[in-house]
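Can you build the whole structure from these sequences, using the hints too?
All residue numbers for the sequence shown refer to this note's numbering, where the first residue is 2 and numbers rise by one.
A couple of the hints might just be wrong.
[To be verified] Pairwise CB distance ranges, derived in the manner of DEER restraints:
#, residue 1, residue 2, range
1, H208, P272, 28 to 36 angstroms
2, T141, E227, 38 to 46 angstroms
3, Q112, S41, 27 to 35 angstroms
4, A200, L108, 49 to 57 angstroms
Calculated directly from the structure, the hints in this document are not laboratory data. Since the structure is predicted, the reported quantities are computational estimates derived from the model, not experimental observations. Using N, Cα and C, we set each Cβ at its ideal position, and we do this for glycine too.
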Amino acid sequence: MRVGFIGLGIQGAPMARRIIDAGYETTLWARRPASLEPFSGTSARVAASPAELAADCDVVCVCVVDDADVEEVLTGDRGVLAGLRPGGAVVVHSTVHPDTCRRLAELAAEQGVRLVDAPVSGGPSAAAEGRLLVMAGGETETVERCRPVFATYAEPIIHMGPVGSGQFAKLLNNLLFTAHLATAASTFALGRSLGVDSAALAEVISHGTGFSFALTRVGAAGGTLERMAPVAGPLLQKDVRLIAELAETAGASAGTVLAAADDALGLMKHPR
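Quick look at the structure:
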């Protein structure tokens, strides 16, 4: 299986490296030449455009920032769908609107190409160690075809259902994580007001029933969200906005989790 990878940022680069190191014939494309420099000593080929990359591949993984980037990379004049042959597969690792994936899946199907939405969770270190979480949405046959590629950088790999369901899972995960940030930050703030040392409290809770991944992140940042805000704020704001919009469209109540997530966004000065 020949694999293409587009989106060699902080998340995508270690994923691409794992694919290459696993022995797959790999082709890369990036807007910025600097993103390709770390791969100069590898077996990976470099394409001049997404279309050229796709013409050389069976599966193309895309890990760019947002919906507009995904659309451009896939549907532009020199996009992936202009080069990928019938029978090929596109994997969207970006976190985007489920409808974006559904629409692109329909467009891809018109030329005999299948699309899987497969957002990831865990961060760059998890990718480098092969322990990302992949939440996949798409036809079972296509997901299973792509699973060996996913397995180079992910464990577990969970098939959620049809196209778009992976995005729903990722957005719900990020909503809960954002809510946990708020409860963790407020817990540390209450502790400080009671004279409890934040570092000691973080160690205690890490062994207690109040433990959460968000708490470890807040604890490591000194018990507040200030250090995390510049990077995490805009990304979580985007995801919370998306899931809130989807809930409103579906007439579903988000309950307390959305209120808590809004508190976290407020603390990070990136309100929804």
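Consistency of the hints with the structure:
H208 and P272 have their C-beta atoms about 34 angstroms apart, which keeps the hinted 28 to 36 angstroms range intact. Separation of T141 from E227 is about 45 angstroms and conforms to the stated range, judged on CB atoms against 38 to 46 angstroms. A C-beta distance of roughly 33 angstroms is found between Q112 and S41, which places it inside the suggested range of 27 to 35 angstroms. Our hint of 49 to 57 angstroms for A200 and L108 holds, since their Cβ atoms are close to 52 angstroms apart.
Hint compliance for this structure: no hint is broken.
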